[in-house]
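Position chain B against the provided structure of chain A, taking the given hints into account.
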Amino acid sequence: MGDSTHRALRVARVVREGDAGCTLVLDGALPAEPGQFVMAWLPGVEERPYTIMDDDPLSLTVAEVGPFSRALCARQPGDRLWVRGPLGHGFALAGSRHLLVGGGSGIASLTLLAERAMARGDQVIAVIGARTAGQLMLDWRLAELGAQVIVATDDGSRGYHGTALAAARAYIDGRWPEAVYACGPEGMLRALAGATEAAGLPCQVSLERTMRCGLGVCGNCHCGDRLVCRDGPVFEAAVLRGA
Amino acid sequence: MVDLAVDLCGARLPSPLVLASGVWGCCAETLARAARAGAGAVTSKSCSLHPRQGHPNPTVLDWGGGLINAVGLANPGAAEERAILRQAKAELAPLGAALIASVFGHSVADFVAAVALVAEAGPDFIELNISCPNVEDEFGKPFALDPAAAAQVTAAARAAYGGRVLVKLSPNAPDLAAVARAVADAGADGITAVNTLGPGMVIDVRARRPVLANRAGGVSGAALRPIAVRCVYDIAAAVDLPIIGTGGVSSGEDALQMVMAGATAVGLGSALYGEGEAVFGRILGELEALMAEEGIASLEEIRGAAHGR
Numbered sequence: 001m002g003d004s005t006h007r008a009l010r011v012a013r014v015v016r017e018g019d020a021g022c023t024l025v026l027d028g029a030l031p032a033e034p035g036q037f038v039m040a041w042l043p044g045v046e047e048r049p050y051t052i053m054d055d056d057p058l059s060l061t062v063a064e065v066g067p068f069s070r071a072l073c074a075r076q077p078g079d080r081l082w083v084r085g086p087l088g089h090g091f092a093l094a095g096s097r098h099l100l101v102g103g104g105s106g107i108a109s110l111t112l113l114a115e116r117a118m119a120r121g122d123q124v125i126a127v128i129g130a131r132t133a134g135q136l137m138l139d140w141r142l143a144e145l146g147a148q149v150i151v152a153t154d155d156g157s158r159g160y161h162g163t164a165l166a167a168a169r170a171y172i173d174g175r176w177p178e179a180v181y182a183c184g185p186e187g188m189l190r191a192l193a194g195a196t197e198a199a200g201l202p203c204q205v206s207l208e209r210t211m212r213c214g215l216g217v218c219g220n221c222h223c224g225d226r227l228v229c230r231d232g233p234v235f236e237a238a239v240l241r242g243a
Numbered sequence: 001m002v003d004l005a006v007d008l009c010g011a012r013l014p015s016p017l018v019l020a021s022g023v024w025g026c027c028a029e030t031l032a033r034a035a036r037a038g039a040g041a042v043t044s045k046s047c048s049l050h051p052r053q054g055h056p057n058p059t060v061l062d063w064g065g066g067l068i069n070a071v072g073l074a075n076p077g078a079a080e081e082r083a084i085l086r087q088a089k090a091e092l093a094p095l096g097a098a099l100i101a102s103v104f105g106h107s108v109a110d111f112v113a114a115v116a117l118v119a120e121a122g123p124d125f126i127e128l129n130i131s132c133p134n135v136e137d138e139f140g141k142p143f144a145l146d147p148a149a150a151a152q153v154t155a156a157a158r159a160a161y162g163g164r165v166l167v168k169l170s171p172n173a174p175d176l177a178a179v180a181r182a183v184a185d186a187g188a189d190g191i192t193a194v195n196t197l198g199p200g201m202v203i204d205v206r207a208r209r210p211v212l213a214n215r216a217g218g219v220s221g222a223a224l225r226p227i228a229v230r231c232v233y234d235i236a237a238a239v240d241l242p243i244i245g246t247g248g249v250s251s252g253e254d255a256l257q258m259v260m261a262g263a264t265a266v267g268l269g270s271a272l273y274g275e276g277e278a279v280f281g282r283i284l285g286e287l288e289a290l291m292a293e294e295g296i297a298s299l300e301e302i303r304g305a306a307h308g309r
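Protein chains in written order, with this note's numbering: chain A, 1 to 243; chain B, 1 to 309.
With the rest of the complex left out, here is chain A (with noise of 0.2 Å):
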């Protein structure tokens, strides 16, 4: 079980994602199943887990909001990130329609996914939320990736004025994808649970708790009997409904 052991990497560019925090580009490549994640160490400070934005070369994108995020987004081209990974499952693509539902940061952990639909010739939705335009995050990446990108800003300061579950319900509600995969606050992903149930779409969630080991060995992170680190992050929108 080699996979736990640290790998020192270097920062090869930091992109800055708006007012929101930043995208990590490392040095090297780490095979990933999207949606699969990382756990962080700065030596002396901590160690957290980051989703895998991009496998290759490695790409974490950090939302600042503490003092570890913060150190992250500091780090300069050339200093060293060490990674343990990749850790967990992740997403399986269902059908050939996607809808991808990101809201926040969320919408890192859809990204390779996103990049691996596109590469089968799939038709990829990606409707990416944030309470402004300024904390919008890795559209430049789906861009890039040629996936269609629907905008939603809380305050309607760009795209769609509402929430990204708002701006997805018309999709959903149309059945225009086969399958849903989403990431965002636990609120939004409940209320997605809900929607494509009722519109008889599979949706597949990954969740957010704070890790210790990340090995599927403390249970720090358990979502009902599940643990978040081992068993998710990525699960069916149904584990949001017994939990």
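Worth flagging that the hints you see were computed from the coordinates, not collected in a lab. Some hints could be false.
[As the list claims (entries may be wrong)] Residues from chain B shown here face chain A by an in silico Cβ test under 7 Å; the list is partial:
(1) C26
(2) E29
(3) M291
[What the hints assert, rightly or not] Quick partial rundown of chain B residues pointing at chain A, CB under 8 Å, derived from the structure:
(4) V2
(5) C9
(6) A32
(7) N57
(8) V60
(9) D204
(10) Y273
(11) G276
Predicted model only: the values in this text are computed from it and were never measured. Even glycine gets a Cβ: it sits at the ideal position worked out from N, Cα and C.
Chain B alone, transformed into the frame defined by chain A:
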């Protein structure tokens, strides 16, 4: 078909396998999941009178020969834990699995206060964790290293609680047999042996510093197994108390080693890493096959067989 049910201090466990403390033990739902998978008893994460944050990450690592951890006894405190244990007790009842509530304290008084709160949830056992190796900076040397200190905690908990008391011992004790005799004389009903070894340390050479935020942590998994088997053997030779043999067990053959060393039940912790709860079913299957192959009808029949008595 061999019957793998065991009697531990008068409690019937449907299987000899016990989920060890610190793994999956933070909540009722995961404890029940382990019991559904084949654990005959499950141990909650150690709790103290007051809540504890524990150490910052990294807290757990796979170093290649097992795990090393310094979670730092993070827990919500005994009052909150009592509610978790009540829920666990209810979820375990239909499964027939026993609940072991683990407690620890800075002092004898803290131990007793935590025991009193946790007892209200009605666990089948209370396990006194007097042997955590990764909080020495804060707590000093564990009680489990010294027979007199171990006896003092055991006697105080015994006086405060009428149920079954297990005491979890340390492989680091310089005279483990003396500690075992001391806790037996102080009224323990059984012994859990052993806690993690060390503390040990893993250094990341590129970072030029220890990986664990606490620098040092308890060593478990395969590296601990031969030490744990010897500890169980020494304890079984010293006292006539049921033992939960814990430390690096990850196969039916490992479990049988523990029983032949003198264990009544066998704890699993690090073995859940990677394999998850499926480890319980696999080990039970291997144990049955090995017993059939060796003509062993019951675990009782070969308990302590390695002592040649």
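Evaluated hints:
For B:C26, the suggested interface contact is upheld, since its CB lies about 4 Å from the closest CB of chain A, less than 7 Å. Interface restraint check for B:E29: the shortest CB-CB distance to chain A comes to about 4 Å, inside 7 Å, so the restraint holds. Hint on B:M291 is violated. Least Cβ distance to chain A is approximately 29 Å, over the 7 Å limit. About 29 Å separates the beta-carbon of B:V2 from the nearest beta-carbon of chain A, more than 8 Å, and the hint is not met.
For B:C9, the suggested interface contact is broken, since its CB lies about 26 Å from the closest CB of chain A, more than 8 Å. Hint status for B:A32 relative to chain A: holds, with the closest Cβ pair at about 7 Å, below 8 Å. Below 8 Å, beta-carbon pairs count as interface contacts, and B:N57 has one with chain A at about 4 Å; its hint therefore holds. With a cut of 8 Å, the hint placing B:V60 at the interface with chain A holds, because the nearest CB-to-CB distance is about 4 Å.
Interface hint at B:D204: satisfied, since its Cβ lies 6 Å from the closest Cβ of chain A, which is below the 8 Å cut-off. Nearest Cβ of chain A to the Cβ of B:Y273: about 5 Å, under the 8 Å cut. The hint holds. Restraint check, B:G276 versus chain A: the minimum CB separation of about 6 Å is within 8 Å; hint holds.
Checked against the numbered hints given earlier, the structure breaks hints 3, 4 and 5 and satisfies all the rest.
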